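A.B. asks: One-letter residues, chain by chain:
There are 2 protein chains.
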Amino acid sequence: MEYVIDYINSHFTEYIEELKDYIRIPSISTLEANKNDMQRCAEFICSKLKDAGMTRTEIFQTKGHPIVYGEWIGEPGKPTVLIYGHYDVQPVDPLNLWNTPPFEPVIKDGKIWARGSSDNKGQNFVHIKSAEAFFKTTGSLPVNVKFVIEGEEEIGSESLSTFISENKELLKCDAVLVSDTSLYEPGVPTITYGLRGLLYMEVEVTAANRDLHSGTYGGAVANPINELAKIISKLHDKNGKVTVPGFYDEIQKLTKVEKENFKRLKFSDKKLSKDLGVKELQGENGFTTLERMWTRPTLDCNGIKGGFIEDGAKTVLPSKASAKISMRLVPNQDAVKVAKSFEKHIRSLSPKGISVEVKMHHYGLPVVTPLDSKAIVAAAKAGTKSFGKKTVYTRDGGSIPIVVEFMQKLKAPAVLLGLGLDSDDIHSPNEHFWIENFEKGILTSAYFLEEFSKV
Amino acid sequence: MEYVIDYINSHFTEYIEELKDYIRIPSISTLEANKNDMQRCAEFICSKLKDAGMTRTEIFQTKGHPIVYGEWIGEPGKPTVLIYGHYDVQPVDPLNLWNTPPFEPVIKDGKIWARGSSDNKGQNFVHIKSAEAFFKTTGSLPVNVKFVIEGEEEIGSESLSTFISENKELLKCDAVLVSDTSLYEPGVPTITYGLRGLLYMEVEVTAANRDLHSGTYGGAVANPINELAKIISKLHDKNGKVTVPGFYDEIQKLTKVEKENFKRLKFSDKKLSKDLGVKELQGENGFTTLERMWTRPTLDCNGIKGGFIEDGAKTVLPSKASAKISMRLVPNQDAVKVAKSFEKHIRSLSPKGISVEVKMHHYGLPVVTPLDSKAIVAAAKAGTKSFGKKTVYTRDGGSIPIVVEFMQKLKAPAVLLGLGLDSDDIHSPNEHFWIENFEKGILTSAYFLEEFSKV
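As they're listed, the protein sequences go chains E and U. The first sequence begins at 1 in our numbering and counts up one residue at a time. The second sequence begins at 1 in our numbering and counts up one residue at a time.
Derived by calculation from the structure, the hints in this document are not laboratory data. This structure is a prediction, so every number in the text was calculated from the model and none was measured. Check each hint, because a few of them may be wrong.
[What the hints assert, rightly or not] Simulated pairs of lysine-lysine, DSBU-like, Cα-Cα distance not exceeding 35 Å:
#: 1; chain 1: E; residue 1: Lys238; chain 2: U; residue 2: Lys274
#: 2; chain 1: E; residue 1: Lys340; chain 2: U; residue 2: Lys270
#: 3; chain 1: E; residue 1: Lys271; chain 2: U; residue 2: Lys234
#: 4; chain 1: U; residue 1: Lys270; chain 2: E; residue 2: Lys344
#: 5; chain 1: U; residue 1: Lys241; chain 2: E; residue 2: Lys359
#: 6; chain 1: E; residue 1: Lys344; chain 2: U; residue 2: Lys274
#: 7; chain 1: U; residue 1: Lys241; chain 2: E; residue 2: Lys352
#: 8; chain 1: U; residue 1: Lys279; chain 2: E; residue 2: Lys340
#: 9; chain 1: E; residue 1: Lys274; chain 2: U; residue 2: Lys270
#: 10; chain 1: U; residue 1: Lys344; chain 2: E; residue 2: Lys352
#: 11; chain 1: U; residue 1: Lys263; chain 2: E; residue 2: Lys352
#: 12; chain 1: E; residue 1: Lys337; chain 2: U; residue 2: Lys234
#: 13; chain 1: U; residue 1: Lys359; chain 2: E; residue 2: Lys352
#: 14; chain 1: U; residue 1: Lys270; chain 2: E; residue 2: Lys352
Produce the entire structure from the sequences given, and follow the hints as far as they go.
C.D. replies: This is the structure:
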């Protein structure tokens with residue numbers, strides 16, 4: 001093990017350069033314009049898996065973006081870990097708010113600044129490098145390893161979902177290891193045992209059959225923006241609760257232990273307010289901020305558009321307005337049931353003068369993993385060793401719907417070994433990843449492979 | 001007079017070609033990219049005024065777009081009419097909904113299809129051609145004529161406002177003639193004696209100081225789109241009344257005669273619903289549709305923007321959302337007072353977790369002209385002669401704020417001799433102008449010059 005650690009430490013500068021090359025590929029999965037970059041990125045990461053000693057590597061083409069697979073299964077008696085990551089990234093708009101170009105990684109202040117640095121290229125690359133370190137020093141790995149790195153995480157992982165269903169034997173494993181969450185605090189190794197699910201909807205309101213002059217017609221015909229605003233305003237009640245019927249019906253209550261665990265984390269509302277630059281936090285009444293972010297379902301508009309949106313003034317009474325509205329779900333909400341109830345609710349809130357179209361983009365179920373599962377125990381030990389601090393257990397408000405699929409279809413527990421920080425500005429301008437977490441991440445991954453071989 | 005009419009009839013084909021050239025210049029005043037086109041359009045129309053016999057023509061440069069002036073004041077004993085129009089046009093978005101390119105005029109189905117064909121190039125060009133017809137046939141005009149054709153009507157007429165204030169002597173006149181409204185019905189000559197005013201505001205809501213991941217933070221911090229929607233939803237009460245305090249305080253009540261006049265127009269709600277493709281009209285309770293459109297103040301969102309507005313899905317909890325909100329005003333609402341009350345109202349509706357910026361784009365006061373003013377009487381006779389039907393009197397929901405300025409600063413009544421149709425789709429894709437109205441408009445203008453010389 002010492003050789004492995006030494007190898008990692010002496011090759012770290014090269015790892016950084018390789019990560020930069022990985023990041024430079026603008027693999028934005030949601031934009032048609034970046035389709036070729038997706039293929040290029042898949043090829044890049046596939047070649048890295050080969051370099052890391054994987055005896056089988058393959059790029060699986062899909063209806064969407066390619067899935068990259070790599071495996072080393074040279075220890076039949078030992079457990080198998082499936083390491084999942086995604087090479088796709090979020091769009092970069094608004095571009096004008098970036099301090100440096102999003103796809104030209106820059107090292108500054110101990111961080112690497114670029115889109116995808118933290119979410120998720122930096123975090124999945126650590127596992128490739130730890131495997132490589134074992135392979136280069138010992139010629140083998142302590143456990144069997146299967147890598148699955150997909151290109152559609154940011155748009156719903158549709159192809160991977162099918163791929164898992166169709167390749168259960170190929171992907172068979174004892175645990176799924178995912179680094180796509182955050183450390184609770186800098187320097188504190190963290191295992192996340194729960195994730196919220198996601199339901200992403202879009203609502204389009206149409207009033208008149210064409211854009212109208214707001215003077216000539218204003219006051220006599222429904223305005224789709226005003227009507228959409230009214231609908232949105234009714235999606236929460238005065239206590240901050242979502243008004244979609246049945247929304248809270250099937251929610252698991254938090255256990256006492258969980259509540260106490262959260263209290264011990266000493267979360268500071270004041271610090272978060274200050275960080276976000278708001279006078280006060282707000283949300284569902286009757287819950288702490290951690291509970292709101294990690295364990296309570298929410299509804300947020302992610303985008304809204306209607307009428308004239310350039311600079312200047314245009315006196316138009318538009319024909320259409322639309323909003324992207326997503327809900328974060330928690331166990332045991334049923335996304336499909338919620339989607340149906342949401343659509344019905346939206347229709348019930350719509351007056352006669354407009355027509356409404358409701359569509360679903362995608363959804364992912366929420367997940368909570370037992371804290372005593374073997375892979376979580378191994379990961380906790382690995383984290384404590386590499387970071388030199390006791391591993392803590394948290395939940396996360398984000399969604400990795402594919403984690404649920406892995407768990408359900410492969411019947412394996414998932415271990416969320418986050419290496420990012422909430423302050424990494426993932427999905428926002430100026431995303432970054434701490435070099436320290438990249439380094440500790442590779443070490444943690446190496447320790448995990450070692451520890452997991454012992455359980 | 002017969003020679004003049006004959007001249008117009010025999011030159012009509014050329015007039016159409018000239019109008020097409022006028023329309024081809026993409027003079028969109030609100031877009032920086034079209035700045036050169038604005039100058040080009042001013043030069044074009046100035047040369048047409050020269051051709052029409054104006055003895056003085058001049059392009060006045062301003063802080064914004066140029067103002068074109070032309071005059072023929074060869075009849076000192078006769079009244080002077082100031083003819084106002086605007087050569088600027090609205091933006092063309094959404095471009096994909098146009099059947100033919102917006103700045104390539106096409107004649108089809110008895111209409112000329114292009115941005116600016118009806119609003120306002122076609123309508124101001126008629127007066128230049130009627131003057132030309134007099135000049136070419138008789139060497140003079142029956143009354144003194146001053147043309148003012150500006151390039152900022154669609155963005156608030158700021159430069160012309162200053163220009164009028166600074167050139168009261170130059171612009172001195174007995175009446176202001178404006179063709180920038182509609183015929184009540186095809187074939188029915190119409191004088192509009194009232195216009196609504198406009199107050200154009202923009203509201204920007206900021207929550208967190210940066211875009212956030214909606215999973216990580218959703219539920220704990222204000223969402224600016226949801227908050228903006230809540231604010232907008234509170235701008236009308238359940239009776240469709242605007243909730244801005246004091247909004248209705250100073251409104252002139254409609255007279256019985258006006259109400260009866262409107263009844264005689266036999267306006268059909270059903271026909272309008274069908275035309276606009278809506279199941280039902282909606283608006284302020286207790287008023288007819290004509291009253292709502294012509295005589296009642298309104299509040300409409302003209303644009304809204306926030307978060308991710310491209311195709312696809314992005315799970316962002318945005319930092320900002322903004323809406324362009326305009327109000328149509330009626331006598332005697334005070335735009336500045338309403339703007340202040342609006343801003344205060346918006347702030348009172350905003351929760352602590354967000355900050356709000358309210359700015360005013362521009363405003364224009366509402367106007368009502370006495371029906372017995374000489375120019376209106378002359379215009380009514382002219383309309384009846386050229387269209388062969390009795391002229392009707394209407395009001396209009398649109399705003400030509402500059403008309404109020406002419407009235408107030410030059411102490412002259414305004415005559416709104418509309419030649420468009422409400423179905424012309426001004427400000428929308430597929431704007432068009434009836435060839436028949438262009439032709440009858442030139443004749444009406446010629447008859448007006450003749451009739452006005454007799455009063």
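A.B. asks: Within 35 Å, alpha carbon to alpha carbon, are lysine 359 of chain U and lysine 352 of chain E?
C.D. replies: 33 Å, holds
A.B. asks: Quickly compare the C-alpha distance for lysine 241 of chain U and lysine 359 of chain E to 35 Å and report which way the hint goes.
C.D. replies: 32 Å, holds
A.B. asks: Do the alpha carbons of lysine 344 of chain U and lysine 352 of chain E lie within 35 Å of each other, as the hint requires?
C.D. replies: 32 Å, holds
A.B. asks: Would you mind confirming whether the straight-line C-alpha gap from lysine 271 of chain E to lysine 234 of chain U stays at or under 35 Å?
C.D. replies: 32 Å, holds
A.B. asks: So if I understand the rule, the pair passes when the alpha-carbon distance is 35 Å or less; does lysine 337 of chain E with lysine 234 of chain U pass?
C.D. replies: 31 Å, holds
A.B. asks: Within a Cα-Cα threshold of 35 Å, do lysine 270 of chain U and lysine 352 of chain E meet the stated pairing?
C.D. replies: 15 Å, holds
A.B. asks: Within 35 Å, alpha carbon to alpha carbon, are lysine 344 of chain E and lysine 274 of chain U?
C.D. replies: 27 Å, holds
A.B. asks: Keeping to a limit of 35 Å between CA atoms, is the pair of lysine 238 of chain E and lysine 274 of chain U held or broken?
C.D. replies: Violated: lysine 238 of chain E and lysine 274 of chain U sit about 38 Å apart, past 35 Å.
A.B. asks: Check whether the Cα positions of lysine 263 of chain U and lysine 352 of chain E lie no farther apart than 35 Å.
C.D. replies: 26 Å, holds
A.B. asks: Given the hint that lysine 241 of chain U pairs with lysine 352 of chain E, does the C-alpha gap stay at or below 35 Å?
C.D. replies: 18 Å, holds
A.B. asks: Between lysine 340 of chain E and lysine 270 of chain U, is the straight-line Cα distance small enough, at 35 Å or below?
C.D. replies: 34 Å, holds
A.B. asks: Is the straight-line distance between the alpha-carbon of lysine 270 of chain U and that of lysine 344 of chain E 35 Å or less?
C.D. replies: 29 Å, holds
Against the hints set out earlier in the document, violations occur for numbers 1, 9.
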